[in-house]
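**Q** Letter by letter, the chains look like this.
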Amino acid sequence: MTAQHMTGPETNGEPNAPLAKPRRSSSTRRPGWSTWLLVTGNVIAAAAFCWPLVVPALPQQARDAAPIAALAVIPFAAVALGLALDGRVRSAKTLALLGTLTAIGTATRVAGAGVGGVELVFVLLILAGRAYGARFGFLLGMLTIALSSTVFGGFGPWTPFQMFACGWVGAGAALIPGARTASVSPSRGRRMREAGILALYGALASYAFGLIMNLWFWPFAVGTGTDISYAPGAPLGQNLASFGLYTLVTSTLTWDTLRAITTVVGILVAGPAALAALRRAKLSRPGRRLGGRTPAAQFRSGERVAPEPAAGDPATHLHS
Amino acid sequence: MFRFRAGPLRTAAALAVGFIVLRVVYRVLFGGVGGGDVVLIDLPLLYLPPPFAHVTLLGPITLGGLGSAALSAVPIAAAILAFGVVASVIDMSRVFARGARGGPLSGLARALVIAWSTLPQLTDAVRSVRTARALRGERGVASLVVPVFERTIERAVAVAAAMEVRGFAAGHPREGACERPVVLRDVSIGFEGGGGAGVAEPDEESRYPGAPDVILRDVDLERMPGTLTLVVGPTGSGKSTLLHSLSGLHTHVDDGWATGPIRVGGLDRIAVPPRDTSGFVGVVMQRPAMGFATESVDDEIAFALDVRGVSPTIVAARVAGVAEQVGIRHLLGRSLRALSAGEASLVAVASAVVQRPSLLLVDEPLADLDSAARTRVVALLDRLAHEAGVCVIVVEHRAAEFTSVADEVLAITDGTLRPVGAARDESADAGADPPMRAVPARRVASDLRELARRAPSLEVVGLSVAHGTSVPVTDAELAVDAGEIVAIHGPNGAGKSSLLEAIARPRRGGQVIVGGTDAAGLSRHTLRARVALVPDDSDDLLFCLTVDEECRRNDRTSRLPRGTTAGVLATLLPDLAAAPARSEALATLLPDLADAPARSEALATLLPDLADAPARSEALATLTTRIPIRTLATRTTRIPIRTLATRTTRITIRTLAARTSPTPAAPTPLTPASRTSSTPTHASLSGSRTAPRLSAWVRDRHPRDLSVGQRRCLVLAIQLAAAPAVLLVDEPTRGLDPVATSLVASALRRAADVGAAVVIATHDAEFAVAVADRRIRMQDGRLATSEAVVT
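If you're matching them up, the sequences are chains P and W in order. For the first sequence, counting from 1, position 283 maps to 283 in the working numbering; every step adds exactly one. In the working numbering, each residue carries its 1-based index in the second sequence increased by 1000.
Hints may be right or wrong, so weigh each one.
Partial chain P-side listing against chain W, Cβ under 8 Å, derived [unchecked claim]:
1) D86
2) L97
3) T100
4) I104
5) A107
6) A270
So the derived label-pair ranges between C-beta atoms look like this [unchecked claim]:
7) T257(P) to G1521(W): 40 to 48 Å
8) A47(P) to G1007(W): 32 to 40 Å
9) G1321(W) to T35(P): 44 to 52 Å
Over 10 Å on every C-beta distance to chain W, these chain P residues come out as not near it, computed from the model [unchecked claim]:
10) P59
11) I176
12) A203
It is worth saying that the hints were derived from the structure and are not from the lab. Glycine included, every Cβ here is placed at the ideal spot set by N, Cα and C.
Based on the sequences and whatever the hints tell you, model everything.
**A** Structure below.
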């Protein structure tokens, strides 16, 4: 199951598409264009988040353009990642789950908007990312932000940043090693252990989310002329100190802490059951035979030894 | 594409103002509003220690400083506002819908379309789950989140299947030979691991305990164009599995297996996935509204053409043509949300036949429909088969409706498919539908009823329900005695469900008196213990990981002794492995009693000195469902039970127990002392003293892995555990086949027998007649006078 998760929806998608199989295996062996796009897109996005810290390293004439570049580049990075991942989630089931869970995410985000900092959407992203893998979690984060912003307003230059940050929260949950269980109903101990790990991750992710969202927005939010303003020419230490104070005062102690608490409580309360619900609708079942039954099943039921392969059908030969 | 919505603009305006205000606040806080001429407030400067030595807090506030702070924020605020304007004039749902038709981001756009169309369903889901958990007396987060999650995932699975069979993401579309739509030779079908699978199987029926790997064996089937074939069989027999072995969902989506050649339109079904055969195989799924993947009727019908990339003008013409053919022209242009269940079924048929399939597979099309809608669907399928020449295969347990139009009726019994004759015009029931023998009829001994009766348990006086302008219930008057079952029947939308809900959770607008006390004055907890409602979507009450947890949780919430709920469930599901067989055996053992409830009633009357209801019901269950009944029957053959009952001879529980059980004098609770050898799991428990126990198989099961009938019994057990005086059940038989129906019917009967006043709302007239003492018709929110159900 681990391998399934790491390779993401590509292999999760449609377990028994006989005709798609050869294509699939070739693309996992060599990193294709979409993998490169995936990596590049994420690196560019990360750089855009960190633009205030990157600027001192830039030549003088490029510094003024940096904020504009950061704002401009991130939507392109979002589209590029969308393109890279779109081809891998073409199976009906993945898309249906992505769609319905996006609806849940949108609803929780909007329902929580009135209550400052109560961001239950992280609970969903973390649980779904955990159950269905990093790519799914990433896409879910992106689509949830995209849909909630378009449905209920609040669309703005920050939207692509939010999409990336939420996408990373969802993807991260799938990438935590250990205590992974593919079982639908694991023992109580394992269930609680996994929920505990995810809750811890949720707390960290809540703070990290606030931090990186503040990092790129801080110069815009504060503007110039204050003592915690971003100063392009100042040493990195001073900027970091200014930023640290800004983020501490504006979000770390308030919104982020509230978010961390709600996320932890949400994961601990609803996590085990929700994970079981998600896993019951698994995207794929590892080790299945396509079309035919496994020899073990045939043996058990005392039926004939091998399914009759349909003559002249390459797909059947492939899997029998 | 364009339309105006004020919402996003308003949000954007609020955000823009908020942005400006925040920037001013930051400047005030961090010493940035000095420098102007007019000093408004002269705040002291505060210096911070390193590393924040460059930061000073507060300082003088000047008018000019405030102004320049606000001005500096204007460009970004304007940008926010501009985004708001764009968002408020572009209809994003249309943008998504267009993007989903093709192009590089069509996958994600499709996901967004599904999300968009799921949003309103989500609100409904949350509403009904909130009601459900209140009915169960739960308030926690998990009881809300988990059922909503389950519902959503259920929808995802349904959407996925519906998209798959309509050619979504088809790699290599194939054409089928329409002269031989279906040929199966010596085919066996099943699930790996015996059906312990997840919701991935829409065919959730195939989950009876120890369900064998093989669901169907040695199936030979050949159907011709222009025929309508009806497949019948009890729940869990594999009707849907058979249907989806033809649609391809069984092997390609549901993780099932099949052997032997399954040829659909001449193609090997096992090799070709459903999405590649959507051009000539149309599929109408169970509960079609769950699987709608778009927002409007037009888009839904056009789905299969859209994903194939057919040009919009041709699509529009084709959609109009199909709508005409199906008779839903008036629905075009409407939102799918606004459709009734019957209309949704017709739209689902239209979207399945839009590509003019040569084979149409229909899964339980009549399940949720009232009789008018049923007639329309049957007539439509008849026309498609016999006028348009489609090979139609319908799976349905309402066999009677189809017998007049079906060319052949096939029945599944014990894993094999057999023809049962029944050509068209021959209205024979075909014996395919297992007779409703196990459905308890009315009680025979009317004098017994008087004995069981106490004061009227439930009185409803002048109850009205109003939601805004609509008034679903007007001035309802109802009195139900303890031990009585009243069925409220009427068409969809008559207000039946609203009435039950208003009784369970009384608000203003009438009086609900339970056991002589006005329910409005009762605390939440007491009310829940006295009045239990099993809602229409009974699954919403379930949210734990295993049946056992579910039962224990209920014991805690309802403050019941540990094991109570499990005990009640055990009595409701007497023997998971062989319930129908056992009840048959009982019927032969006690031939002088016409039906099961009379028997239980007789026993209930015989055992009045068990004061509390759960214990009594446990004892009853032991007596009526376990093997002791055999002993009881043989022991009491000298005195027929009927005589015993009518004489109201009071045999104490002690005596009975001593007579019926080999364990000496176990007064209460009764020990299920001996078991049939056919249930080894039970045998291991036989030494236990805690009365009916659930088998380990059930206890460790995920609630949603139980069959529909078993799940409903679990919910009934949860709601009955506190021994409520009033039990309300909304549509108890929805989606149940005769065997499961009889399971629920006897559960209701047991509840009545232990002294509950039972009110059911149903549009299943047959069931109402079979189970109820009185029937009351409801129409347009008004209750008619009751009709006694005469023997």
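**Q** Determine for every hint whether it applies to the structure shown.
**A** Going through the hints against the structure:
no.: 1; hint: D86; result: 4 Å, holds
no.: 2; hint: L97; result: 4 Å, holds
no.: 3; hint: T100; result: 4 Å, holds
no.: 4; hint: I104; result: 6 Å, holds
no.: 5; hint: A107; result: 5 Å, holds
no.: 6; hint: A270; result: 4 Å, holds
no.: 7; hint: T257(P) to G1521(W): 40 to 48 Å; result: 43 Å, holds
no.: 8; hint: A47(P) to G1007(W): 32 to 40 Å; result: 34 Å, holds
no.: 9; hint: G1321(W) to T35(P): 44 to 52 Å; result: 45 Å, holds
no.: 10; hint: P59; result: 25 Å, holds
no.: 11; hint: I176; result: 21 Å, holds
no.: 12; hint: A203; result: 18 Å, holds
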